[in-house]
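Trainee: Counting along the sequence shown from 1, when you hit position 494 you're at 494 in UniProt numbering, and nothing is skipped either side.
Heads up, some of the hints might be wrong.
Stated by the list, open to error - With a cut-off of at most 30 Å between alpha-carbon atoms, the simulated DSS-like pairs for lysine-lysine come out as follows:
hint, residue 1, residue 2
1, K248, K206
2, K212, K166
3, K223, K161
4, K440, K531
5, K166, K206
6, K166, K248
7, K206, K161
8, K483, K528
9, K223, K166
10, K248, K212
11, K573, K265
12, K212, K223
13, K468, K519
14, K161, K212
15, K265, K161
Just so you know, these hints were derived from the structure itself, not from any lab.
Being a predicted model, the structure only gives us computed values, none of them experimental.
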Amino acid sequence: MTLARHLALAIDDERGRWIIANSRRCDMGHGHPHTHDHSHDHDHDHGSTPDALDLSIPDSELSPADVSRRGFLRSAGLLGAAAGLTGAGTAAGVLGTPDIAVAHGGSSQTGGFTWKAGDHHIHTQYSSDAKYRVADHVQHGLAYGLDWLVITDHGGATHAKIGVEKVNPDIVAARETFPEALVFQGLEWNIPAAEHGTIIVHPGKKEVEVLKEFETNFDGSVKGASSQSAANEALAIAGLNFLAAAKKNRRVSDAMFFANHPSRKGLDSPHEIRGWRDAQPEIALGFEGAPGHQAAAIPTAAFGPGGGRGFYDSSPGADSFPAYPLESYRTWGGFDWMTSTVGGLWDSLLAEGKPWWITANSDSHNVLWDTSIRGAGSDFNANGRYNDPQHGVKPDVTAGDFWPGFYSRTHVGAAGDDYRHVMDGLRAGRVWVDHGGLIKSLDVRARVQGDRNRRGGTPLGGVLKVRKGTAVEVTIDVELADKPNWAQLLPVLARVDLIQGAVTGAAADRDVFTAPRTKVVTSFEVAKGTKRVSFTYSFGRVSSPFYFRVRGTDGNFTQAGIYGAAVDPVGPKLDVVGDADPWLDLWFYANPIWVLPS
Numbered sequence: 001m002t003l004a005r006h007l008a009l010a011i012d013d014e015r016g017r018w019i020i021a022n023s024r025r026c027d028m029g030h031g032h033p034h035t036h037d038h039s040h041d042h043d044h045d046h047g048s049t050p051d052a053l054d055l056s057i058p059d060s061e062l063s064p065a066d067v068s069r070r071g072f073l074r075s076a077g078l079l080g081a082a083a084g085l086t087g088a089g090t091a092a093g094v095l096g097t098p099d100i101a102v103a104h105g106g107s108s109q110t111g112g113f114t115w116k117a118g119d120h121h122i123h124t125q126y127s128s129d130a131k132y133r134v135a136d137h138v139q140h141g142l143a144y145g146l147d148w149l150v151i152t153d154h155g156g157a158t159h160a161k162i163g164v165e166k167v168n169p170d171i172v173a174a175r176e177t178f179p180e181a182l183v184f185q186g187l188e189w190n191i192p193a194a195e196h197g198t199i200i201v202h203p204g205k206k207e208v209e210v211l212k213e214f215e216t217n218f219d220g221s222v223k224g225a226s227s228q229s230a231a232n233e234a235l236a237i238a239g240l241n242f243l244a245a246a247k248k249n250r251r252v253s254d255a256m257f258f259a260n261h262p263s264r265k266g267l268d269s270p271h272e273i274r275g276w277r278d279a280q281p282e283i284a285l286g287f288e289g290a291p292g293h294q295a296a297a298i299p300t301a302a303f304g305p306g307g308g309r310g311f312y313d314s315s316p317g318a319d320s321f322p323a324y325p326l327e328s329y330r331t332w333g334g335f336d337w338m339t340s341t342v343g344g345l346w347d348s349l350l351a352e353g354k355p356w357w358i359t360a361n362s363d364s365h366n367v368l369w370d371t372s373i374r375g376a377g378s379d380f381n382a383n384g385r386y387n388d389p390q391h392g393v394k395p396d397v398t399a400g401d402f403w404p405g406f407y408s409r410t411h412v413g414a415a416g417d418d419y420r421h422v423m424d425g426l427r428a429g430r431v432w433v434d435h436g437g438l439i440k441s442l443d444v445r446a447r448v449q450g451d452r453n454r455r456g457g458t459p460l461g462g463v464l465k466v467r468k469g470t471a472v473e474v475t476i477d478v479e480l481a482d483k484p485n486w487a488q489l490l491p492v493l494a495r496v497d498l499i500q501g502a503v504t505g506a507a508a509d510r511d512v513f514t515a516p517r518t519k520v521v522t523s524f525e526v527a528k529g530t531k532r533v534s535f536t537y538s539f540g541r542v543s544s545p546f547y548f549r550v551r552g553t554d555g556n557f558t559q560a561g562i563y564g565a566a567v568d569p570v571g572p573k574l575d576v577v578g579d580a581d582p583w584l585d586l587w588f589y590a591n592p593i594w595v596l597p598s
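Construct the complete structure from the given sequences, taking the supplied hints into account.
Mentor: Right, here's the structure in full:
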């Protein structure tokens, strides 16, 4: 084993297994005492050696950022002198050296991280139902404040055979033309026996090779494996195993998966979601807390498509999970039912101690009111793409999409400015999402009560370990919107809700989608005219494991939650099909933090 590997292992945190194991220890009263633990703050991929430190990888195989990093370490004498360094503290110092990169315009510094806004679900002319060039999306995304984008054209026979290779030069060109943006190549996976999902790989020489092989062998459309069956569910797991092996064997530096619009058709059953996450917790990371297509419910009278928000306007089908209620097929305040329901499916995963993260994105195919049209003479089936879009005359009033960054944003707390650090932040769950620019920045921390170090504590996605009987509090710092959004409205945050749930261990029923011991424990009203607000809530002296999460709203459309006012007194409202203006109903949601006393 190389010394670099030893250094990486010195700070390895095996987050998912660790949370569950420690929650069980807490329940049984075993384990040794812990004080504040910040090991989860380290900024590198858990369980893998950073490429720049692995001397078995030649410089020619490294990304430009890793070449710069390796050169920096060599010039500083750190790489050559590593044999004389021991201890996790020294490892953190070496591994924490930032990559040399240009800071992106949309980034903001909060809580010791650079928060990078992005979108992981975008379609181009290489998707059969879209039309834009890669450069069109990247240019618009940058204009609307994004730092990173993932191109995710639809998986399928044509894309696997032609498109996955043809789109790559366009992505590479966009990386060169727009160096201030991080442009990932991915694809939208037709998950066997389920819905769709985003696959993301780290840029590298074999990114196309790995995506092509994955799509050819594990895409539900390509393999004719879309229907519900045990064999098709196993094929989905095999696909995740393939990605994990590709990462382990260094065919790609990293890979990850997020389920897309999970409630839209009721196809993603609870046991499938648990199965994905448990099979490969370092690959299967979460789902869209809010789907794209947020313009889809603008009424026809306002020259909109008049559908369901997010195009959530279907009914149960033959392959839908039968226990899902009818209200799960609609969005609530623009968010998926699995996320928006306090005490619902997302909370049931968090109550097990399973790290499972939410995101938000555009799913941009065709933008509402845009006048461009597909290029004349296109033959998608033959060429795997449409010809470049052309200027049209009539605005498209049937489209349900916005440009990337125009409405939905996923904010990732990154410890550096390159692809690796964005992926590290996603994997760590340092993520909050918002619609319509509702807030400017967010920092949530769990800490021992009375600790006033504003940069200390445990951030989003993290785990705070304390002795039983220790008083614990959460601090929530919000910087409010100070300029109009792209609808020319100044968003006004009205309220922030704190949601808390008990960690109860693995569920006996893997199809459970409720968490009865989760509820809104307090709400904070936001005074009008303020620029920044800070809230503190004390959980008291803790003795049992729990998690908490926060959300916020402009307060325009609310109702009691599905499980009643005692659980969620003022939650998001069920969106009306054909009449839901997304700009007048804005929310933000943040990923959880766990507290584990022992």
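Trainee: Could you run down the list of hints and mark each one as holding or not?
Mentor: Consistency of the hints with the structure:
no.	hint	in the structure
1	K248 with K206	holds, 14 Å
2	K212 with K166	holds, 11 Å
3	K223 with K161	holds, 13 Å
4	K440 with K531	holds, 10 Å
5	K166 with K206	holds, 14 Å
6	K166 with K248	holds, 26 Å
7	K206 with K161	holds, 16 Å
8	K483 with K528	holds, 15 Å
9	K223 with K166	holds, 21 Å
10	K248 with K212	holds, 18 Å
11	K573 with K265	holds, 20 Å
12	K212 with K223	holds, 14 Å
13	K468 with K519	holds, 23 Å
14	K161 with K212	holds, 8 Å
15	K265 with K161	holds, 28 Å
Checked against the numbered hints listed earlier, the structure breaks none of them; every hint is satisfied.
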